[in-house]
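These protein sequence lines map, in sequence, to chains A and Y. Counting in the working numbering, the first sequence runs from 1 upward without gaps. Counting in the working numbering, the second sequence runs from 1 upward without gaps.
No lab work stands behind these hints, which were simulated from the structure alone. The structure displayed is predicted, hence computed values, not measured ones. Treat the hints with care, as some may be off.
[What the hints assert, rightly or not] Here are the simulated distance ranges between beta carbons:
1. A/16 with Y/312: 21 to 27 Å
2. A/3 with Y/243: 37 to 43 Å
3. Y/99 with A/29: 23 to 29 Å
4. A/45 with Y/243: 43 to 49 Å
5. Y/361 with A/54: 47 to 53 Å
6. A/49 with Y/48: 53 to 59 Å
7. Y/382 with A/54: 50 to 56 Å
[Stated by the list, open to error] 20 Å max Cα-Cα, derived DMTMM-like pairs, lysine to aspartate or glutamate:
8. Y/213 with Y/386
9. Y/146 with A/22
10. Y/146 with A/85
11. Y/104 with A/76
12. Y/331 with Y/341
13. Y/104 with A/22
14. Y/213 with Y/384
15. Y/331 with Y/358
16. Y/146 with Y/187
17. Y/180 with Y/233
18. Y/180 with Y/191
19. Y/188 with Y/101
For every residue, glycine included, the Cβ atom is placed at its ideal position computed from N, Cα and C.
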Amino acid sequence: MADLTRDDVAHLAGLARIDLSDAELDRMVGELGVILESVATVQQAPIADVEPMSHPLPLVNVTRPDVVRPSLTPQEALAGAPESEQQRFSVPRILDEE
Amino acid sequence: MSTTTGERTLSFDEALASFDPVMGLEVHVELGTNTKMFCGCPTEFGAEPNTQVCPVCLGLPGALPVVNAVAVESAIRIGLALNCSIAEWCRFARKNYFYPDMPKNFQTSQYDEPIAFDGYLDVELEDGSTFRVEIERAHMEEDTGKSLHVGGATGRIHGATHSLVDYNRAGIPLIEIVTKPIVATREKAPEVAKAYVATLRDLLKAMDVSDVKMEQGSMRCDVNLSLMPRDGDTFGTRTETKNVNSLRSVERAVRYEIGRHAAVLTDGGSITQETRHWHEDTGITTSGRVKSDAEDYRYFPEPDLVPVAPSRETVEALRATLPEPPAARRKRLQADWGYSDLEMRDVVNAGLVELVEDTVAAGASPAAARKWWSGEIARRANTEGEDVPSYAARLGVTPAHVVELEGLVTSGRLNDSMARQAWEGVLDGEGTPTAVADARGLELVQDTGALESAVDAVIAANPDVAAKIRDGKVQAVGALIGQVMREMKGQADAGAARAIILERLGQA
C-alpha cells in the first residue's frame with residue numbers, strides 16, 4: 001500500500017460517509033501516505049517463526065449461559081445521544097442508497 | 001426512480017428458451033435464544049424501543065462481548081442438520097461498514113472461518129422428485145437495529161429528513177445459511193427456491209431453534225440470481241434481491257428476476273451487480289445500492305472474542321439431539337396413516353401435520369382427522385387469511401373435538417351430514433360436538449320401521465328407477481337414497497337406507 005492514490009482516498013471517504021473537498025483529498029493523500037509508511041515499519045518484524053494470532057491469550061470457548069441480565073433503561077441508553085425522538089436514536093438523513 | 005412500474009421483462013418461457021438460471025439463496029434465521037449473541041439483553045419481539053439494549057449491543061466504549069453458549073450450540077445443530085462439517089476451530093470477524101443500523105460501525109460476523117460448511121439439504125418437489133441443494137456455509141452473526149425514516153413519503157428512506165433507530169434487535173443471534181450456486185433447475189427454479197426455503201423452515205421449526213416467522217422477520221431470504229446462455233458454463237452477473245419474506249414471494253421474485261435479466265441481456269444490455277428491493281404488493285424488484293466488494297467491508301478477526309473450538313465429543317452429543325428430519329418424519333407418518341401421496345401432500349401443504357398427529361394420538365382415525373381438519377375449518381381459516389392451526393387455536397377447537405365428533409358417527413348417533421352440522425356448530429362457538437348435537441336436536445332415527453316405510457313410499461313413487469335396479473343397475477340406487485333421506489328429514493343412516501332399498505329390490 002505504499003502508493004496510495006487519490007482514487008483510493010476518495011473510495012475510503014465514500015465508505016466512511018465523509019465528504020471531502022478536492023483540496024482535502026489532495027491533503028489526505030499525503031497525510032495518509034505518511035501514516036501508512038510509518039505503520040509499514042511493523043512489516044519488518046521478524047515473524048517467520050511466529051504463528052498468526054488474533055487474541056493475546058490462548059483461550060477458546062469462552063461463553064456465557066443464555067440468561068437474561070438487566071438492560072439499560074431507555075433513558076440511560078439515550079443519555080449519550082445528541083438527538084432522540086420517540087424513544088429512538090435520531091440520526092441524520094441516511095444517504096439515498098436503500 | 002419509480003417503484004410501482006417494473007422494467008421490461010421477458011415471459012418465463014421466452015427467458016428459458018435462451019438462458020439457464022443460476023440461483024444462490026441466503027437465509028437469515030434469528031435464533032430463539034433468551035438473550036442476544038454477545039450480551040444478556042432479552043430478545044422479545046415487539047418490545048418498546050430501546051428497552052432491550054446495554055453497553056455491549058450499543059457498542060459503548062469498554063464494553064466486552066461474550067458469546068452466548070446456546071447460540072453456538074444452535075449453530076452447530078443447524079450445521080449438522082444441514083449435513084455440514086463443523087469447524088474444529090473458528091473465529092468471529094468484524095464486518096466494517098458505516099450505517100446507523102449497527103451502533104458499533106461494524107457487525108460481528110464470521111468471514112472465512114464459518115462454524116459449519118459443505119452440507120446439503122434434500123427438498124421434495126411437487127412431482128414427488130427430490131432435489132439436492134448444496135450448502136456452502138452456515139455462520140454465526142448478529143442482527144441489526146431497525147430504522148424508521150421520518151419526513152419522507154410513507155416511511156420510505158427516499159426523501160426522509162432523518163431516521164430514528166431502535167437497537168432492540170441489534171445483537172440478536174443470527175445464523176446465515178448460504179447455498180452453493182443452484183444450477184440445472186431450468187423451469188423448476190422458482191419451485192426449487194420456494195421448496196428449499198419451506199424445507200429449511202420446517203427443519204428449523206422441528207429443531208426448535210427459531211420460531212421461523214417470515215412475517216415477523218425471524219426468517220429472511222435473499223435471492224441471488226443470474227442467467228447464463230442456455231447450456232453454457234460461465235455464470236452471468238448476479239443481482240441480490242433482499243428481504244423476500246414469504247414462501248410465495250421467493251417463488252415470484254425468482255420468476256421476476258429471470259424475466260428481467262433475460263430482457264436486459266436479450267436487448268444487448270448488461271446486468272449491474274447490485275442489490276434489488278422486492279416489492280410484495282406489485283411483485284417487482286427495483287434497483288438498490290451497488291454491492292460493496294468484500295474488501296470494502298475490511299473484515300478482520302474480532303479481537304474481543306476468543307475462538308470457538310467445539311470438541312468432537314460436543315459435536316456428537318449435539319448430533320444426538322437432532323430430531324427426525326421432516327421429510328423422513330412425513331414418510332413415516334404417511335405410512336402410519338395410510339394416506340395416498342396426494343392426501344399427504346395436501347395435509348403437509350395446509351400445515352396440518354401436527355394437528356393430524358395430535359388428533360390421531362388423541363384417538364381419532366387418520367381418515368377422520370384429515371377429513372375434519374381439511375374441510376369446513378380450512379375454508380373458514382382461508383377466508384380469514386389464517387392457517388388452520390392458529391385459527392383453530394384462536395377458536396379453541398381442539399383434537400379432542402374431532403375425536404368426539406368421530407365417536408358420535410361411529411356410535412351411530414350422527415350420520416355424515418349431521419356430523420357436518422355438528423362441526424359447524426363447534427366452529428360457530430356453540431360448544432362441543434355433543435353439546436351442539438343436543439342443542440340442534442341432531443339424532444339419527446333408529447326406528448327401522450319408519451325407515452322401511454319411507455323406502456317403500458319412495459320405491460312406489462319411482463317405479464322406473466326401481467325397475468332399473470331390479471334389472472341390475474345398482475348404481476341407480478343413489479337417486480332413491482337421496483329421496484329416502486329427504487323423507488326422513490336427513491335424520492336417517494344412509495347406509496341402512498341403501499341396504500333396505502337393495503333388499504326390497506332383490507339386489508341384497
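Open item on the list: Is 37 to 43 Å respected by the C-beta to C-beta distance linking residue 3 of chain A and residue 243 of chain Y?
Closed with: holds, 40 Å
Open item on the list: Tell me if the straight-line CA distance from residue 180 of chain Y to residue 191 of chain Y falls inside 20 Å.
Closed with: holds, 17 Å
Task: Outcome of range test on Cβ distance (residue 99 of chain Y, residue 29 of chain A; 23 to 29 Å) - done: holds, 26 Å
Task: Range agreement (Cβ of residue 54 of chain A with Cβ of residue 382 of chain Y, hint 50 to 56 Å) - done: Hint holds: Cβ distance 54 Å, inside 50 to 56 Å.
Task: Range hint compliance [Cβ, residue 49 of chain A to residue 48 of chain Y, 53 to 59 Å] - done: The hinted range 53 to 59 Å holds for residue 49 of chain A and residue 48 of chain Y, with Cβ atoms some 55 Å apart.
Open item on the list: Between the alpha carbons of residue 213 of chain Y and residue 386 of chain Y, is the straight-line distance 20 Å or under?
Closed with: holds, 14 Å
- [ ] Assess, step by step, whether the Cα of residue 331 of chain Y is no farther than 20 Å from the Cα of residue 358 of chain Y, and give holds or violated.
- [x] With Cα atoms ~17 Å apart, residue 331 of chain Y and residue 358 of chain Y stay inside 20 Å; holds.
- [ ] Measure nothing beyond the straight line between the CA atoms of residue 213 of chain Y and residue 384 of chain Y; if it is 20 Å or shorter, mark the hint as holding.
- [x] Judged against 20 Å, a Cα distance of about 18 Å means the pair holds.
Task: Given hint residue 22 of chain A paired with residue 146 of chain Y - CA-CA distance at most 20 Å - done: Violated. Residue 146 of chain Y to residue 22 of chain A sits at ~35 Å, over the 20 Å cutoff.
Task: Distance restraint between residue 104 of chain Y and residue 22 of chain A, which requires alpha-carbon spacing of 20 Å or less - done: violated, 29 Å
TODO: Decide if the proposed pair is consistent with the structure: residue 180 of chain Y and residue 233 of chain Y, CA atoms, cutoff 20 Å inclusive.
DONE: holds, 15 Å
Open item on the list: Assuming the hint says 47 to 53 Å, is it satisfied by the Cβ distance from residue 361 of chain Y to residue 54 of chain A or not?
Closed with: holds, 52 Å
In summary, the structure is inconsistent with hints 1, 9, 13, 16, 19 from the numbered list given earlier, while agreeing with the others.
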